[in-house]
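Undergrad: So the chains spell out like this:
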Amino acid sequence: MVGPFALFKWEALWRDWPVFAKGFGDTILASVLALVLALTLGIIFGVMGSAPWKIAKFINRIYVEVIQNTPLVIQVFFLFNGLPHLGIMMPVLSIGVVGVGVYHGAYIAEVVRAGIQSIHRGQIEAAFSQGFSFTEAMRYVILPQAARVVLPPLTNQAVSLVKNTSVLALIAGGDLMYYADSWSSDNLYYGPAYVTVAVLYLALCFPLASLARYLERRAGAAV
Amino acid sequence: MESEGESERQKSGPHREGDSLIEMQGVNKHFGLLHVLRDIDLSVGAKEKLVVIGPSGSGKSTLIRCMNLLERPSSGKVIINGVEITAPKAPVAKVRQSMAMVFQQFNLYPHKTVLENLTLAPILIKGVAKAEADENGMAYLERVGLQNKAHAYPSQLSGGQQQRVAIARALNMRPEIMLFDEPTSALDPEMIQEVLDVMVDLAHGGITMVVVTHEMGFARQVADRVIFMDEGEILEAGPPEHFFSNPSHERTKLFLSRILR
Ligand SMILES: Nc1ncnc2c1ncn2[C@@H]1O[C@H](COP(=O)(O)OP(=O)(O)O)[C@@H](O)[C@H]1O
Ligand SMILES: [Mg+2]
Numbered sequence: 240m241v242g243p244f245a246l247f248k249w250e251a252l253w254r255d256w257p258v259f260a261k262g263f264g265d266t267i268l269a270s271v272l273a274l275v276l277a278l279t280l281g282i283i284f285g286v287m288g289s290a291p292w293k294i295a296k297f298i299n300r301i302y303v304e305v306i307q308n309t310p311l312v313i314q315v316f317f318l319f320n321g322l323p324h325l326g327i328m329m330p331v332l333s334i335g336v337v338g339v340g341v342y343h344g345a346y347i348a349e350v351v352r353a354g355i356q357s358i359h360r361g362q363i364e365a366a367f368s369q370g371f372s373f374t375e376a377m378r379y380v381i382l383p384q385a386a387r388v389v390l391p392p393l394t395n396q397a398v399s400l401v402k403n404t405s406v407l408a409l410i411a412g413g414d415l416m417y418y419a420d421s422w423s424s425d426n427l428y429y430g431p432a433y434v435t436v437a438v439l440y441l442a443l444c445f446p447l448a449s450l451a452r453y454l455e456r457r458a459g460a461a462v
Numbered sequence: 212m213e214s215e216g217e218s219e220r221q222k223s224g225p226h227r228e229g230d231s232l233i234e235m236q237g238v239n240k241h242f243g244l245l246h247v248l249r250d251i252d253l254s255v256g257a258k259e260k261l262v263v264i265g266p267s268g269s270g271k272s273t274l275i276r277c278m279n280l281l282e283r284p285s286s287g288k289v290i291i292n293g294v295e296i297t298a299p300k301a302p303v304a305k306v307r308q309s310m311a312m313v314f315q316q317f318n319l320y321p322h323k324t325v326l327e328n329l330t331l332a333p334i335l336i337k338g339v340a341k342a343e344a345d346e347n348g349m350a351y352l353e354r355v356g357l358q359n360k361a362h363a364y365p366s367q368l369s370g371g372q373q374q375r376v377a378i379a380r381a382l383n384m385r386p387e388i389m390l391f392d393e394p395t396s397a398l399d400p401e402m403i404q405e406v407l408d409v410m411v412d413l414a415h416g417g418i419t420m421v422v423v424t425h426e427m428g429f430a431r432q433v434a435d436r437v438i439f440m441d442e443g444e445i446l447e448a449g450p451p452e453h454f455f456s457n458p459s460h461e462r463t464k465l466f467l468s469r470i471l472r
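So the sequence lines, in the order shown, correspond to chains A and B.
Positions 240 to 462 (this note's numbering) are the ones given, in order, by the first sequence.
Positions 212 to 472 (this note's numbering) are the ones given, in order, by the second sequence.
Errors might be hidden in some of the hints.
To be verified - In silico contact screen, one side only, chain B against chain A (beta carbon under 10 Å); selected entries: (1) R276; (2) N279; (3) V303; (4) Q315; (5) N318; (6) Y320; (7) P321; (8) K323; (9) A332; (10) K337; (11) V339; (12) K360; (13) R380; (14) L390; (15) H453.
As the list claims (entries may be wrong) - Cut-off 20 Å, straight-line C-alpha distance, at most; resulting in silico cross-link-like pairs (EDC-like, lysine to aspartate or glutamate): (16) B:K337 <-> A:E364; (17) B:K341 <-> A:E375; (18) B:K288 <-> B:D230; (19) B:K323 <-> A:E364.
As the list claims (entries may be wrong) - These stretches of chain A come out as covered by chain B in the derived footprint (C-beta under 8 Å, 3 or more residues): (20) 295-302; (21) 368-382.
Don't read these hints as lab results, they were simulated from the structure.
From the three backbone atoms N, C-alpha and C, an ideal C-beta is built for every residue, glycine too.
All chains, full assembly: derive it from the sequences and hints.
TA: Below, the structure written as C-alpha cells:
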C-alpha cells in the first residue's frame, strides 16, 4: 500500500516543477491584472455610490448587489459559456481576470464608499466652496484622505482576490490550481500536488495578510 | 498688499460702492418639516461688510451657505454678481471661485501642507502657474503672520493658526466676496483675537464680507450693517450704532442683553 505522500511522488513533482512554476506565474499575472481591474471598478463605483446624483447611486447599488449576492463561480461560468454566444471570444485567463476583477470590484466599491463617507463633510464643502467640481473634489481632496482609511480592508480584498483566482481551474483557466489538478489527475499524485499548491498560495497571501494587519494596527494607533 | 487687492477687484468688475453683489430674493429653505429660512430678501452691496447675528438655530449658517449654494434653497433666487446661481445649469463652480468661505471648523486639507492648502485650488481650478501661486500664497501667509509655517501640516498648528491659514487660503483665490461662518466660535478664547485682527485688517481693504459671528466688538468696529436673525427671518437690520444702542424688536433686545452681558 502506497501512501498519498510517498517520496517518489514528491520526486515526480520536483521533476515537473516547470508545470507548477507556470501555474504560479499565471496566477500571479491573473491576480495582478484582476486587482488593477477591481481597483479601477471599485474606485469608480465607490465614488458613484457617494455622488449627489440619484442615478449614479442607483447604478452603484445594482452592480454591488448583483455581484455580492451571486456566487463567483456562477459569474465566471456565465462569462465562459455566455460570452461566446454574444460573439465575444476571450482567452480563458482573460475571462478569469474579468470575472474575478468584476467580482472584487464590487467589494472594493463598498470599501471605497465607506472610506469616502468616513471623511468629514467639511472637506468636500471646503473644496466645493473653492470651485472644485464633485469629481475634482473627490480626486484631489477626498480620495487621497480616504486612501489611508481603506488601505487595510483593501489589502484584505487583495488576499481573497488571489485565492479566488483558483476558480479559473474550473474553466480550464491555466492558473496554479488548474495545472496542479491536471498534473495530478494524469498520475494520481494528488497529495504532493495539493500541498504544494496550498504552500504557494500561502506564500502569496500570508505576506499580504500580514501587511493588512500591520496597516490596521498603524491606522488604529494613529486615531 | 491691500492696494494690490483693490486694483484686482477694480479690474475684475465694474462695481461701484452700492452695487449689489449678493442678491437673495424670496429665499426659503426647508429641511424636511423644518422651515429654516422664511422668505428672505437680502441684498449685499459691493464692498459692504455685513454682520449676521442671532441665536443658535436661527438659520444664520443656512443663510450664508445658500449664498454659495452649499445649501440649495427650496425656493427663491440667489444672484451673485448678476449671475443667478439658483437657475438650472448655472455656472456654480465658476461663481464660487470668486467667493471664498471660511468655516467654523477651518476645514483645511489635512493631507496637504499649509502652502499647498493655499495653492491647490488656484493651480487646479484657476490655472495659476505653480510659481505664481506659491509666491502669492507666501505673501498671504505673511499677511496673516504665518510665513514660517508654510511647510507644516495643519495638524501641527493651533486652532487660531489654522483659521488664519484658512483665511489666507481664501484670499489666495483673489475673491470678491468672503463669507465667514462663525470663524472664531471653535477657538480657545486666547486665540480669538489673532483671528479677529486678521479679519479687521481685511475689512479695511475693499473686499465684500458677510460674517456670521457672536463677536459684537468686531461687528461694531467693521460692520456697515448688522442683521439680526430669528427663527429663519431677518428681524432687524441697520448700521451698528443704531443696532446696538436702540434695537427696535423685543427679541433683539433680549438677545443683545444676553450676549453683551
Ligand atoms: N442639513 C440639515 N439637515 C436638517 N436640519 C438642518 C440642517 N442644517 C441645519 N438644520 C437645522 O436648521 C436650523 C437652522 O440651522 P443653522 O442655519 O445651522 O442655524 P445657526 O447657524 O443660526 O445656528 C436648525 O434647527 C438646524 O437644526
Ligand atoms: Mg451656525
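Undergrad: Does each hint hold? Answer for all of them.
TA: How the hints compare with the structure:
no., hint, verdict
1, R276, "holds, 8 Å"
2, N279, "holds, 6 Å"
3, V303, "holds, 9 Å"
4, Q315, "holds, 9 Å"
5, N318, "holds, 4 Å"
6, Y320, "holds, 6 Å"
7, P321, "holds, 7 Å"
8, K323, "holds, 9 Å"
9, A332, "holds, 4 Å"
10, K337, "holds, 8 Å"
11, V339, "violated, 12 Å"
12, K360, "violated, 19 Å"
13, R380, "holds, 8 Å"
14, L390, "holds, 8 Å"
15, H453, "violated, 32 Å"
16, B:K337 <-> A:E364, "holds, 18 Å"
17, B:K341 <-> A:E375, "holds, 18 Å"
18, B:K288 <-> B:D230, "holds, 18 Å"
19, B:K323 <-> A:E364, "holds, 16 Å"
20, 295-302, "violated (count 0)"
21, 368-382, "holds (count 8)"
The structure does not agree with the numbered hints 11, 12, 15 and 20 stated previously, though it agrees with the rest.
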